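Asker: If you want the building blocks of each chain, they are given just below.
There are 2 protein chains.
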Amino acid sequence: MNSVVIIGSGNVAQHLIKAVEKAPDLDLVQVFSRSHSGLKHLVPQEKITSNYEELKDATIYLICVSDNAIPSVSYALPFQGKLVAHTSGSVTLQEMSTQNRRAVLYPLQTFSKQKELDFTKVPLCLESEYETDYEILEKIASALSHTVYKIDSTQRQALHVAAVFVCNFVNHLYKIGNDICDEYDIPFAILRPLIMETASKITVLSPNEAQTGPAKRNDTTTINKHLNGLTKPNQKELYKILTKSIIDDVEKL
Amino acid sequence: MNSVVIIGSGNVAQHLIKAVEKAPDLDLVQVFSRSHSGLKHLVPQEKITSNYEELKDATIYLICVSDNAIPSVSYALPFQGKLVAHTSGSVTLQEMSTQNRRAVLYPLQTFSKQKELDFTKVPLCLESEYETDYEILEKIASALSHTVYKIDSTQRQALHVAAVFVCNFVNHLYKIGNDICDEYDIPFAILRPLIMETASKITVLSPNEAQTGPAKRNDTTTINKHLNGLTKPNQKELYKILTKSIIDDVEKL
Ligand SMILES: NC(=O)c1ccc[n+]([C@@H]2O[C@H](COP(=O)([O-])OP(=O)(O)OC[C@H]3O[C@@H](n4cnc5c(N)ncnc54)[C@H](OP(=O)(O)O)[C@@H]3O)[C@@H](O)[C@H]2O)c1
Ligand SMILES: NC(=O)c1ccc[n+]([C@@H]2O[C@H](COP(=O)([O-])OP(=O)(O)OC[C@H]3O[C@@H](n4cnc5c(N)ncnc54)[C@H](OP(=O)(O)O)[C@@H]3O)[C@@H](O)[C@H]2O)c1
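Sequence order for the protein chains is Z and B. First residue of the first sequence? That's 1 in UniProt numbering, and the numbers climb one at a time after it. First residue of the second sequence? That's 1 in UniProt numbering, and the numbers climb one at a time after it.
Check each hint, because a few of them may be wrong.
Each pair may be met inside one copy or between any two copies, as identical chains are not told apart.
[To be verified] Okay, derived cross-link-like pairs now, DSSO-like style, lysine-lysine, Cα gap no bigger than 30 angstroms in a straight line:
#1 115 with 252
#2 252 with 113
#3 240 with 225
#4 244 with 225
#5 82 with 240
By construction, these hints were calculated from the structure, which means they are not laboratory data. It should be emphasised that the depicted structure is a prediction, and the values quoted were computed from it without experimental measurement.
Hey, can you work out the whole structure from these sequences and the hints?
Answerer: The following block contains the structure:
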């Protein structure tokens, strides 16, 4: 049975703790957290440490800390030659200390402590410094999720940017929808079915086939009506540039 | 029992035909279509006409044609004093002919003929010229969907813009995610769970609470890494302006 130590107590760490505990083929040995407080509901006290020197032996150490802390945490580990993976989309393998066998297990999903999700459906993007470690990494990842991909550093970087577009930027457009509803005294809930359907549509159509709306039709009457109606400068600017980007795409076809 | 005539044979018309046929309290009297061909699988031949003069009596006539054709179709109707509603988010009530009792039944959803959906979950936004017609309109709408809202022309205009942001523009961001995946030989399917979760998250969190990512954290290292990695000018420009819009929002809090 493969054993796991998780370092961190944030969004990803907490989802991973639950996922490891659920996986019949994995053993959660220990969790490292600077502050124990946030983990009490998830892990028995004796499995939590805030002292690197107390870290126990495990097949893999998963560093689930803020991107900028990954290098220093990797250097703080008091052992050598062990398998150590971070979970970041944007940190390279090379930024970790060479004292251990470096790897990446990047879960391509948006995690918040407050929102439950089924970890077995989270795509896991794997990379390992040594070819021989890939098999172990894959076995551990497959115990956590049904979808596992081999993704190198360049691809992972690209995926992370793609994720910013389809998650962070998309959410910001939801926020703008919410702002417009507030301005006109409309409950935001009215937009939710449209938001869900827009996301679910691309499971049967490509985003290209699914594109609709005034920009796609180059319907300048409606576009101008909308631009005149928008009162906030950032909304106007985003409307213009996104419309232009859609029109340019159509013209390229 | 209220009776319905549907004018048009496009995306909305086809979904409405199925919804009316399913509703026990509604009777589909007839469908008007310039070209019969696209409706054969949905409606018996004798219920289809391409001649306005042949239109039968009904409680409501639903004009489901392209926005720019709504006025001319409303003028082409050979009768007077009947309840006539269009289904557009952006056309005002005033753009229709005064010869009939004007109304709007705007389904706030994205429809494609190829994609099935549960019409009872589509929010219907209602408006009527005469107060006395609102009750009839509401009864018909409630037979089609569980969520019905009274929305005036100004609100509907605003909602249509909001819908462009959370549907058309969001889909364009999916398209960019797809383009990036293609460029780096990554299957687009890897992004689908993230896309679904991002949409489903705002059923439990507000878009403001759900916002994450480098822009939200003002993580300039990652932002610059991403900007350097992007090769297409439109992707770079959208990345910059969306990042700025998120940062400005955070600063306003
Ligand atoms: N959230 C997501 O949606 C998501 C998705 C995919 C990948 N990731 C990646 O997963 C990693 C963790 O993200 P997250 O969202 O879980 O972050 P988070 O919720 O902000 O948690 C960050 C964790 O890092 C710890 N930490 C920060 N600096 C530290 C240091 N110098 N030494 C030790 N621990 C330190 C924090 O400990 P304290 O509580 O003691 O401060 C906290 O437990 C990041 O690399 C991120 O890029 C996140
Ligand atoms: N699709 C959506 O997601 C959606 C959502 C909410 C509201 N709406 C609104 O619903 C309405 C219809 O949209 P749609 O997506 O169903 O459009 P569509 O699929 O493009 O279909 C347009 C229909 O209009 C007919 N038409 C166009 N010009 C006409 C004319 N001069 N005389 C008679 N018929 C004419 C077309 O007939 P032919 O086939 O004979 O050309 C076709 O049946 C629009 O007002 C739109 O704003 C659409």
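Asker: Is it within, between, both or neither when you check residue 240 against residue 225 at 30 angstroms Cα-Cα?
Answerer: Result: close both inside a copy and across copies, 12 angstroms intra and 26 angstroms inter.
Asker: Please sort residue 244 with residue 225 into within, between, both or neither, judging by C-alpha distance up to 30 angstroms.
Answerer: both (16 angstroms within a copy, 25 angstroms between copies)
Asker: Reference check for the pair residue 252 and residue 113, CA-CA at most 30 angstroms: within, between, both, or neither?
Answerer: between (42 angstroms within a copy, 25 angstroms between copies)
Asker: 30 angstroms Cα cut-off: does residue 115 pair with residue 252 within a copy, between copies, both or neither?
Answerer: between (40 angstroms within a copy, 26 angstroms between copies)
Asker: Indicate which option fits the pair residue 82, residue 240 if close means a Cα-Cα distance not exceeding 30 angstroms: within, between, both or neither.
Answerer: neither (52 angstroms within a copy, 40 angstroms between copies)
In terms of the numbered hints stated before, the structure departs from hint 5 and from no other.
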